[in-house]
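Trainee: Using the sequences and the accompanying hints, generate a full structural model.
FYI, in the working numbering the residues of the sequence shown are 5 to 325.
It cannot be assumed that every hint is accurate.
Straight line, CA to CA, 30 Å or less: simulated DSS-like cross-link-like pairs of lysine-lysine [claimed, not checked]:
no., residue 1, residue 2
1, K258, K216
2, K277, K216
3, K131, K216
4, K100, K258
5, K136, K75
What follows is a set of in silico ranges between Cβ atoms, one per label pair, in the way DEER data are often shown [as the list claims (entries may be wrong)]:
no., residue 1, residue 2, range
6, P39, L296, 14 to 22 Å
7, N219, K255, 37 to 45 Å
8, S287, R54, 49 to 57 Å
9, P39, F63, 23 to 31 Å
10, L134, L315, 30 to 38 Å
11, K117, E188, 48 to 56 Å
To be clear, the hints were calculated from the coordinates, so they are not data collected in a lab.
We treat Cβ as the ideally placed atom computed from N, Cα and C, and that holds for glycine.
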Amino acid sequence: MKSAIASSDITFVIQGPIFPEITRQSVQAVRELFPESPIIISTWEESDVRGLNANQVIFNEDPGTTIVGYKRDDSPICININRQLRNTLNGLKAVKTQYAVKLRSDNILGGTKFVSEFLSYPERDSKYSLFKQRIVTTTFYAKEQTKGISIPYFVSDFFHFGLTEDLLALWDIPEFKPYQYNEELRGQRQHWQSPYRLIHTEQAMWVGFLAKYHNVYLNDEYGRECDIADSYQFIVNNLIMLDNSQSLNLKVQKRLEQPNPFPYEFYSQERWKWLYEQQFGTSLNVSSTFKLTWYLARIYKFLHKGIGNMLKTYFIRLRQR
5 MKSAIASSDI TFVIQGPIFP EITRQSVQAV RELFPESPII ISTWEESDVR GLNANQVIFN
65 EDPGTTIVGY KRDDSPICIN INRQLRNTLN GLKAVKTQYA VKLRSDNILG GTKFVSEFLS
125 YPERDSKYSL FKQRIVTTTF YAKEQTKGIS IPYFVSDFFH FGLTEDLLAL WDIPEFKPYQ
185 YNEELRGQRQ HWQSPYRLIH TEQAMWVGFL AKYHNVYLND EYGRECDIAD SYQFIVNNLI
245 MLDNSQSLNL KVQKRLEQPN PFPYEFYSQE RWKWLYEQQF GTSLNVSSTF KLTWYLARIY
305 KFLHKGIGNM LKTYFIRLRQ R
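Mentor: In structure tokens form, the structure reads like this:
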């Protein structure tokens, strides 16, 4: 591994439920790529970890799924947000090295380039910089727009690399309280943001971190106009977004493969570099072709779906005033 950071200075926290063969391969891949790195598995009580070549195993009490709302048929909407928070945070608390990686137990790492990328972007704006150093993450499921409208604070939670203290700051947020069923809304969709649009798990976690330092909140998944601008600032000053295919080579289960329904709905490494160029007035050689096609795709999507969706959102908000 060619880098100023030695593998012995990086601890891998592999978090989540045990998938016997996949998790074994995940541990083995780390051993081959980073032979001197400690590996911590942070999983649930009574999990079978036999045959996993880890330095340490942390068994956590399972908080279960978190109810964030109810559908029209009164069935609960459940997510695993507290599960991920708990076993990630407890795993990170056991790290003794300067640097750490957060990796899912059902993902297999296939590259080392993220370490050298960590040292490649020195410029930052102190107003928006919340970590001592940027955290490297993936563009995997990092959404920039949906239905033709920009969506703020939607970053990936699949992979993180950086200073251990920065990862601890990111993941050390309160666990989320379950939504309490409202009998008066029986037969209606109800959730945390009712009657607005429910925010996504990734948004809730990133906003949960940002809110420790700034007055950041979301009433719905689209946020306010100022949220879009602030979202870009927090992303470019605190994260380095890497494409899975180019830099991380994360192997995921088929059910987790990212759909690409339309170009540029999700962030890309080139898009992050372009944001960096815009913010700091430096060139990272992002091509004019990429920029032009990005703009054309955004315009098409906005005209095709964005206008109608924006009007629908506007009237929902208007009714609540």
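Trainee: Each of the hints needs a verdict: does it hold here or not?
Mentor: Taking the hints in turn, this is what the structure says about them:
no., hint, verdict
1, K258 with K216, "35 Å, violated"
2, K277 with K216, "27 Å, holds"
3, K131 with K216, "14 Å, holds"
4, K100 with K258, "34 Å, violated"
5, K136 with K75, "42 Å, violated"
6, P39 with L296: 14 to 22 Å, "44 Å, violated"
7, N219 with K255: 37 to 45 Å, "39 Å, holds"
8, S287 with R54: 49 to 57 Å, "52 Å, holds"
9, P39 with F63: 23 to 31 Å, "26 Å, holds"
10, L134 with L315: 30 to 38 Å, "35 Å, holds"
11, K117 with E188: 48 to 56 Å, "53 Å, holds"
In this structure, the earlier hints numbered 1, 4, 5 and 6 are contradicted, and the remaining ones agree with it.
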